[in-house]
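> Here the protein sequences come in this chain order: A and B. Heads up: the first sequence begins at 1 in the numbering used here, then just goes up one per residue. Heads up: the second sequence begins at 1001 in the numbering used here, then just goes up one per residue.
Think of the hints as simulated: they come from the structure by calculation, not from any bench. Bear in mind that the values here come from a model prediction, so they are computed numbers and not experimental data. Ideal Cβ positions, reconstructed from N, Cα and C, are used throughout, including at glycine. Any given hint could turn out to be false.
What the hints assert, rightly or not - If you only want the chain B side, here are some residues facing chain A, beta carbon under 10 Å, derived:
#1 Gly1129
#2 Ile1140
#3 Thr1144
#4 Ile1148
#5 Asp1191
#6 Gln1192
#7 Lys1198
Stated by the list, open to error - Cut-off 20 Å, straight-line C-alpha distance, at most; resulting in silico cross-link-like pairs (DMTMM-like, lysine to aspartate or glutamate):
#8 A:Lys291 - B:Glu1294
#9 A:Lys295 - B:Asp1191
#10 A:Lys292 - B:Glu1197
#11 A:Lys71 - A:Asp131
#12 A:Lys289 - B:Glu1197
#13 A:Lys289 - B:Asp1191
#14 A:Lys158 - A:Asp225
#15 A:Lys292 - B:Asp1191
#16 A:Lys291 - B:Asp1191
The primary structure of each chain is shown beneath.
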Amino acid sequence: MNETLRIMIRIRKYLVILVLIFLSASIAMPQEKAAVRVDLSFHQLNNGPPTLTALIRTRVDRRYQPVENVKVKFYHSEMDELNLLGSLATDSDGKANLQPGKEFNSLWDTTSFFTFIASVTDDPNFEDNDDNIEITKAKITIELLEGEEKEVKVQINKYLEDGTIEPAQEVFVKLQVKRTFGTLSIGEDTYETDDEGVFTASFPEDIPGGPDGILTIMAFVEDDDNLGNLKMEKEAQWGTIVSESDDSFGGRSLWAARDKAPIWLLVFPNLIIISIWGTMIYLVMLIFKIKKIGKTP
Amino acid sequence: MEMNSEKIARDLMPVKFGKAGKIWVYILLAIAAFGLYAYTKQLRFGLGITAMRDYASWGIYISNFVFFVAISLVGSLITAVLRLTNANWSTPLTRIAEIIAVAAIVFASLIIVIDMGRPDRLLHLFAYGRLQSPIIWDVIVITTYLFISLLLLYFPLIPDLKIMQKYNPPIPGFIRKIQKWMNPNWVGSADQKKLVEKAIKILSIIIIPVALAIHTVTSWLFATTYRPGWDSTNFGAYFVSGAFLVGAGGVVIAMYALRRTYKLEDYITEKHFDHMGKLLVLLSLLYLYFNINEYLVPAFKMKKPEVEHLTGLFTGDYAAIFWPVILLGMVIPVIVLLFPKGRRPVPMFIIGILVVAGAWFKRFLIVTPTLLHPFLPMYDVPGNYLHYSPTWEEWSITIGSLAGALLIVTFFVRYFPIVPIAETIHERNTKNHDQN
């Protein structure tokens, strides 16, 4: 009895120590915030209103992984509440895409140089961090030339402080055609604009363009230090006409919908089904015949 | 052996369950109830509770389905093929074969519903099924086969229903009412007999192509895809031969159990075991022949996509099932049953169990390993997709379905004469008449 009591007291002692260790560990260790990386980029499509994209990532297992649902604040010029363009939470790709509201339009129209800032502040899980980019407003145009051969002329102009424009020289541009699930590069990997802010590239004749031959031709400035990401699209009937090649899809086939089963597949199985089930119906009728015979005295 | 009609009828009347019978029924009911419980869990939580994933999307449910379809073919073998070839010795076994067929086909249909993620959409199969799909062919042919099997069970039963009314066996009132309703005023007149004989003859003929179709179509569920282990032109014959083997094995087990339990030694004699033993040798050899074809020829070529599949069976993860299935399920039966002593009831019973168990695992080897080696493996596939080991819910449901099928057979034996009375009387009288 004494022995048991002693063991129980000892067990209790250890239990108390364990509980204390556990409690102290959980109280004494404040939750550490993880560091985040903020990457801000500038995008403009068809010289339209700009979009700011902030990519928020954190290091997990030695790799940067996007983080969802982190609130990002966007500013222009400097981080001041007066300059706040808007705030957004990141999506599942860790991205927050902001199109500044109407109140930004007048500033956009009258100014040529911008500083944009994206910032993560006071997040419960992550440390504060920000990123800024400087952008020179620019304009991109595509001209389609049809002479002996088809050519694409792309011109890029950037705005000066007084609102006038000058050619943007030595800008690298990609020439692409839109495809169903992505883009197809045309010609060289990148073209460089000359002193006039222009490059001209010949355009191949044999790009498939669907049933009406229409292609969406795109000039794309990717991640330029001054201009950001600019994209210009233009449609042209420059593709070869590709008729709907697989018209069997509408016809009867083994892979068509149920009402388009091949005729032979309708005829033979149904013949078999009808003959077998017909026989069975006949057999069921025999049962009634047997019954009838039994009733007659 | 002189035996009058009176004695035959009394010997073959259904009787109450004995103590062993009751225990047997309770065990089966418990297993089936547990399977049902597991299925309610599956209904609540979906197929996620099974081990089936994107790779092995067919597991033991479909293996079990193929097994049931296979064993159901015995109805056509014993009742139709042997009847049409005038192998009259099979008469006492016809009803055993037919009820096994009906029970198996009922559970084959049920197991398909169990394998469905959305069983509430079962009717869509009929409403929206595409005739281009072998799955729909299977739906049609299984329904047809079930119906033919029921008719083939029913017609020979008609005279016996009348005899039962006369001898008044211990049967609950409501079943007696059903049996009375089932009896189409049988008086045993020449006209009635002629019609029943005609019906049985027609059924014996049409059930053969339908039986071949049911298992050939089931084999086409696999063979119409281009995958290692399935991509074969032999698959229909391979499946049908295997089906006859497992069905005959099932009949042997049932023969032995029924003969012992109900003391049917005068009706299911050693001669029957001997004949069934010879039949099993033939069927084992036939199935072995197709197995050699299915494995040796691809193994000789060792096409790249087949390598993983075949080595998995011969020396890999599945070798521990593959070799016992081939040896115990096909080779040993041939060797044992070649000897007259091997065809006596007890060794036959053991061989029957080996054949049926081997057949079940054989279906698993046909269905699942192929699925684990897709032509286009997934990028970053979760580790548990690469292997398939069924969950306890899957095992419970599967074993529950086997118990369910056995329950159908058991209750049929309880309420109906399992050896056809009228036919036995007729045959013995004819024999006596011939002898005189």
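> Run every hint past the structure and note whether it holds.
Taking the hints in turn, this is what the structure says about them:
no. : hint                 : verdict
1   : Gly1129              : holds, 7 Å
2   : Ile1140              : holds, 6 Å
3   : Thr1144              : holds, 6 Å
4   : Ile1148              : holds, 7 Å
5   : Asp1191              : holds, 5 Å
6   : Gln1192              : holds, 5 Å
7   : Lys1198              : holds, 7 Å
8   : A:Lys291 - B:Glu1294 : violated, 51 Å
9   : A:Lys295 - B:Asp1191 : holds, 12 Å
10  : A:Lys292 - B:Glu1197 : holds, 17 Å
11  : A:Lys71 - A:Asp131   : holds, 14 Å
12  : A:Lys289 - B:Glu1197 : holds, 13 Å
13  : A:Lys289 - B:Asp1191 : holds, 10 Å
14  : A:Lys158 - A:Asp225  : holds, 13 Å
15  : A:Lys292 - B:Asp1191 : holds, 11 Å
16  : A:Lys291 - B:Asp1191 : holds, 11 Å
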